[in-house]
Amino acid sequence: MVVAESKPINEILAMIQPYKKILVAGCKGCVTVCNAGGTKEVEILASEIRIACKKEGQVAEVTEITLERQCDPEYMDQLAEVIKDQEAVLSIACSVGPQYIAGRFKDKIVFPGLNTTFIGGSIEHGVFAEFCQACGACVIHHFGGLCPIARCSKSLLNGPCGGSAEGKCEIGNDVDCIWQLIYDRLKGLGQLDQLTQIIPCKDWSTSRDGGPRKTIREDLKL
Amino acid sequence: MKSGSRLEKILSTGQFAVTGECGPPRGADPDAIRKKAAHLKGMVDAVNVTDNQTAVVRMSSLAACLLLLQEGLEPNLQMVVRDRNRIALQSDILGAYALGIRNMLCLSGDHQKFGDHPSAKNVFDLDSMQFIQMVRKMRDEGKFLNGQDIDSPPKMFIGAAANPFADPADFRAVRLGKKVAAGVDFIQTQCIYNLDRFERFMQQVRDMGLDEKVYILGGVTPMKSVGMANYMKKQVPGMDVPDEIINRLKGVPKQDQAKEGIAICVETIQRLKEMKGISGIHIMAIEWEQRVPEIVETAGLLPRPSVD
Chain A
-4 MVVAESKPIN EILAMIQPYK KILVAGCKGC VTVCNAGGTK EVEILASEIR IACKKEGQVA
56 EVTEITLERQ CDPEYMDQLA EVIKDQEAVL SIACSVGPQY IAGRFKDKIV FPGLNTTFIG
116 GSIEHGVFAE FCQACGACVI HHFGGLCPIA RCSKSLLNGP CGGSAEGKCE IGNDVDCIWQ
176 LIYDRLKGLG QLDQLTQIIP CKDWSTSRDG GPRKTIREDL KL
Chain B
4 MKSGSRLEKI LSTGQFAVTG ECGPPRGADP DAIRKKAAHL KGMVDAVNVT DNQTAVVRMS
64 SLAACLLLLQ EGLEPNLQMV VRDRNRIALQ SDILGAYALG IRNMLCLSGD HQKFGDHPSA
124 KNVFDLDSMQ FIQMVRKMRD EGKFLNGQDI DSPPKMFIGA AANPFADPAD FRAVRLGKKV
184 AAGVDFIQTQ CIYNLDRFER FMQQVRDMGL DEKVYILGGV TPMKSVGMAN YMKKQVPGMD
244 VPDEIINRLK GVPKQDQAKE GIAICVETIQ RLKEMKGISG IHIMAIEWEQ RVPEIVETAG
304 LLPRPSVD
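Those protein sequence lines, which keep their order, are chains A and B.
Heads up: the first sequence runs through residues -4 to 217, numbered per the working numbering.
Heads up: the second sequence runs through residues 4 to 311, numbered per the working numbering.
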């Protein structure tokens, strides 16, 4: 899923400060799963904004809504009525959401309430980690099913570098060396010989380096 | 001859090579390089010039290499893939060769998180293995990475690093083997303090026959103080500084620690000289170039051979 985390409340308050009618818009997709932008988080954030405004002696009208998804044009329709009276929208979807809103509602100011962090998953309750960099040409089968592009600090395809120590990455003891994990896994599978092959340089044109990307599914087009 | 560099001539004639290191200044003063050059001239066969080491901004390696050339020293251009993509790397190699640089070291580079610009965007288009392959292709096939012909190919003597002390330990010689297969000509190792562990690594290297295919230069860095030794032991990932070294430095008065550090360095060189599969020494005297003459002389490495 797309993992995101809330921006600090003070940053949010500073962004929306000039506006008095604000719609806080959540999303029932990925950000609900990672507890950053679902119905519950919309309620909490809206309350925080109301309380902060009250403290400052200001009156703000904060409306709440959570869409099925903010990354699909058809769900944008759910906003059409409620957005009419708003000056600004604070979207707590991943950064796709505020961009959809900005694209659809030309006269509304849009703010991101989250920092979209990565494509990943939860590894324990409350802890999420990055697993994919969306390079557009998956090669993890060469690495025991683990991705060194996303999970090695240097994206080495022929690692590990000389900074791998006791299973940790040179950038910090809180970062696993994915190459140690790749090595251990292939060793367990009896496939260490895979690591004697030099992986040639990667074609990054399918990645973000090739420019903004688009997937066209002819079978789904109307 | 692949490149005709002095370093290549010395190694290929079976003579024990000595390389040094010069860290460029954090400023634009060419005299900083010239001063270091004066200490190293006649003491080493080639001088590595680091490329923004530890991800701290310094004078460009290529520019500093040219200053060394002008001082009559042979440079070894270090290049990291952290800051340059394949376009910039190839371009700089062409430029380096045009300026007379004949040796280079292909590295991945320290992550910028350590450096003085931790908010920088990194590149890592290639890794060090693919970098070696690319430089070899440019030299031996006369082609760019994309397969197009190079008008006048750069003929570099290709070096790389190896860290026998990083993990997973069993994989380090195998990874060296990959660099050999990629086309590397010489290897300079991480600083060696744990000679027993290094000997085990070399045994594995010899068992694989790699020492017959690549020139291996053992890396040494003299300790200036017990503080430096502790720092390297605790703070530098992939560095193995045994307690024995720390205790030796601790065992002498503070004013004698530098002398003891140099003594340890010389002893290490002497053991490496006797070690099968070692073709030379790489002395990384960090901001301590002025002590290199003493080290090479005491270690019996002078005079340096002359080449045609």
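Hints listed in this document are in silico derivations from the structure and should not be mistaken for laboratory results.
Please read these numbers as outputs of a predicted model, since none were measured by experiment.
Please note that a few of the clues may not be correct.
Straight-line Cα separation of at most 25 angstroms, BS3-like style, residue types lysine-lysine; simulated pairs [as the list claims (entries may be wrong)]:
id, chain 1, residue 1, chain 2, residue 2
1, A, K23, A, K50
2, A, K197, B, K276
3, B, K5, B, K181
4, A, K182, B, K116
5, A, K197, A, K216
6, B, K116, B, K236
7, A, K163, B, K236
8, B, K124, A, K2
9, B, K216, B, K237
10, B, K262, B, K279
11, A, K23, A, K35
12, B, K116, A, K163
13, B, K5, B, K216
14, A, K197, A, K209
15, A, K79, A, K15
16, B, K181, B, K158
17, B, K181, A, K197
18, A, K101, A, K23
19, B, K237, A, K197
20, B, K116, A, K2
21, B, K116, B, K146
22, B, K236, B, K262
23, B, K12, A, K163
24, B, K158, A, K163
25, B, K276, A, K163
26, A, K16, A, K2
27, B, K216, B, K236
28, A, K197, B, K140
29, A, K2, A, K50
30, B, K124, A, K197
31, B, K216, B, K262
32, B, K12, B, K276
Cross-check of the supplied hints:
no., hint, verdict
1, A:K23 / A:K50, "31 angstroms, violated"
2, A:K197 / B:K276, "40 angstroms, violated"
3, B:K5 / B:K181, "20 angstroms, holds"
4, A:K182 / B:K116, "30 angstroms, violated"
5, A:K197 / A:K216, "31 angstroms, violated"
6, B:K116 / B:K236, "19 angstroms, holds"
7, A:K163 / B:K236, "16 angstroms, holds"
8, B:K124 / A:K2, "22 angstroms, holds"
9, B:K216 / B:K237, "34 angstroms, violated"
10, B:K262 / B:K279, "28 angstroms, violated"
11, A:K23 / A:K35, "10 angstroms, holds"
12, B:K116 / A:K163, "15 angstroms, holds"
13, B:K5 / B:K216, "14 angstroms, holds"
14, A:K197 / A:K209, "20 angstroms, holds"
15, A:K79 / A:K15, "14 angstroms, holds"
16, B:K181 / B:K158, "21 angstroms, holds"
17, B:K181 / A:K197, "17 angstroms, holds"
18, A:K101 / A:K23, "24 angstroms, holds"
19, B:K237 / A:K197, "35 angstroms, violated"
20, B:K116 / A:K2, "23 angstroms, holds"
21, B:K116 / B:K146, "34 angstroms, violated"
22, B:K236 / B:K262, "19 angstroms, holds"
23, B:K12 / A:K163, "40 angstroms, violated"
24, B:K158 / A:K163, "38 angstroms, violated"
25, B:K276 / A:K163, "33 angstroms, violated"
26, A:K16 / A:K2, "20 angstroms, holds"
27, B:K216 / B:K236, "32 angstroms, violated"
28, A:K197 / B:K140, "16 angstroms, holds"
29, A:K2 / A:K50, "20 angstroms, holds"
30, B:K124 / A:K197, "19 angstroms, holds"
31, B:K216 / B:K262, "36 angstroms, violated"
32, B:K12 / B:K276, "19 angstroms, holds"
The structure does not agree with the numbered hints 1, 2, 4, 5, 9, 10, 19, 21, 23, 24, 25, 27, 31 stated previously, though it agrees with the rest.
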